[in-house]
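A.B. asks: In order, the protein sequence lines correspond to chains A and B. Just so you know, the working numbering puts 207 at position 207 of the first sequence, and the rest follows in order with no gaps. Just so you know, the working numbering puts 22 at position 22 of the second sequence, and the rest follows in order with no gaps.
Relax, there's no trap hidden among the hints.
From the structure, some residues in chain A lie toward chain B, with a derived Cβ separation under 7 Å:
{"#": "1", "residue": "THR155"}
{"#": "2", "residue": "ASN171"}
{"#": "3", "residue": "GLN176"}
{"#": "4", "residue": "GLU227"}
In short, the hints are calculated from the structure, not lab data. In this text, all values refer to a predicted model and were calculated from it rather than measured experimentally. For every residue, glycine included, the Cβ atom is placed at its ideal position computed from N, Cα and C.
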Amino acid sequence: MKPLLLTTALVIAATSVSANRAFVSNERGNTVTVIDTDTWQVETEFFAGNRPRGITVSPDGTLLYVCASDDDQVKVFSTETFEELYSLPSGPDPELFTLHPSGNPLYIANEDDNLVTVTDTESHTVLAEIPVGVEPEGMAISPDTKFVINTSETTNMAHFISTEDYEIKHNVLVDQRPRYAEYTPDGKRLFVSSEIGGTVSVIDIAEDGTPTLNKKIEFEVAGVLPEWLQPVGVKVTQDGSRIFVALGPANRVAVIDGETLEVLDYILVGQRVWQMAFTPDEAYLLTTNGNSNDITVIDVAKEKAIQSIQVGQQPWGVVVTPN
Amino acid sequence: MRGRFGSWILASALGLANTVPAWAVDVKSAVLRVAYQELLPISRFDLKPQDLGFAGAALADEDNSTTGRFLGHTYETVTQSVAPEEAASAAAELVAQGVPYVVVIANGEDTARISDTVAEAGGIVLNAGARDNALRGQGCRKNLLHIAPSNDMSADAVAQFAMWKKWPRWVLVEGSNPADQELGQSYKRAAQKFGAKIVETRIFEDTGGTRRTDSGHVLVQRQLPTFMQDLPRHDVVMAADGSDYFAAYLPYHMWDPRPVMGAAGLRPVTFHPAHEAWGATQFHTRFEDLTGRYVHEEDYEVWLALRVIGEAVTRTGSNDPETLRQYILSEDFELAAFKGQKVTFRDWNGQMRQPILLYDDHITVSVSPQDGFLHQTSPLDTLGQDRAESACTAFQ
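Please construct the entire structure, taking both the sequences and the accompanying hints into account.
C.D. replies: Quick look at the structure:
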């Protein structure tokens, strides 16, 4: 009797908790690693197309979108069964994308063609192709959904694309190789990281969406060559009080005060830290560490790294399913 | 594709208030390639394509124009191949015709002559070929910016790697031509700078004749081992062959089994078609789509030269040569060049600071500067002549 009871108890426990999952795209391994964010155990790793990089989840948490860069498509998987359901036309070499908060459409940066492709996630068709600067990379959508931001790595601009007519309304010059764009949840600010420039540009956004460059945040770590302080991924807390910046080969995440825009601390993580994602409750921030093939779990409240988890080869992007 | 987006581009360039201030600036540049009588290379892989260097300009024009269309800036680059004796006058004519930025692919002597005529006409020369140390030292010129690294920089890049590997005992094999001797000098300097010991130097005489015959390898296989026998204990062989007549034969034909570096084996290059790190794959995809061939160093250096101009125009909104020159040499200038860190310029001699790729003709083996070689300004300044050593006074 006893063993039976135990089994039942375990089953109940496993099904009643709505566990969140983190999905990590492994650029060189061509896989996605699935991690249970309650236990921090790796559940499985599955083939996700060639050179998977950008990764996101539908608002209802059921669909996983992965930029399979070398397959020139976005692959869509079930977040439950990890089966590939279908693929979406993405234009060539998709790297990063942003999903409209409604779940449709998907705005995709096509690195090789100087284009942003807008793809309807329901009809699986391309709605528009928008010419942007050279080597488009970072993608973000404003909280009011009026603008999609694209950063172009060789042109060194943040392009503000209207979601209504798909025309570029504003361009802001930033430092070399802008990698990632992230709005504050209130939409009043946009952060753009410049990998080679070594800065994060802070862009203030007016009521009508007009951007003004406010300042550029610089980084300094004793004992680390300034050349290796290369900002890539950026995440802002819901209340806007903290900004986390992944510093690539400096192997650190910078913690920035959302009010003063001063760097408060640097958290040591794995090697070549790239992209990041919060758990839905914002208790944890996960970082992908491309050269140490792991992810680091940061306790957001304590601003400390608490655990690292081995994943596939060269982890690139990470997303956590919503509650 | 391009035609389809014609109206889009026009709309974004004309109708919209960009945050970046936009006014019309036309930027005219030229690539001047001096055509020399040359023997065939040892390897067919080193045959030079017709559009060598010019292809890099085509890509740079595309890249600069894509950025320029958001700002109202246009870019146009003419390309010209000239005989050595006509090079200087052709350059002067270009500047007189309103083309102030001349990218030059030539030897050191011609690069200097061209710079002088271009200077008289008020233009700027960007050196995308000559590696001569003197051009960065005593023979430097105020209007001459070097995209190509110097021989000293390349030798230092190799030397740092050898020292990182703890291979400090070198045999130096030099050619007998002036270009080989200069390279040899750079390796001697590098050995001293980084604490290596050149246990013996040998000169491989250039006896002339064709470099490639059908029975070449048969003779090479018999002659080279004897040339390389009876050497003191050594870790590595440094090949100083600036005229491509012997270094390629060294690997596998020596008496002692040792790695070869320098002009063969592990070579210092600015770029190569297999380099994939730091987004370089995107460069190759664009370049190969446009030209249908792999990139050569000259193409990359021309592309980089024109991107330097483009970046300076983007940031200053000017096409005035002196304004751009000052900006390029200032601390504000920085440019991403698929090398993992920004490239900038040395304000004391106009040399671009840049990482050097160490290439085995197949993959990137390593990138110098190596870990642990430190410098008070930039680790990149551990490569080549530093400010304090420089004999250049034209920039003061």
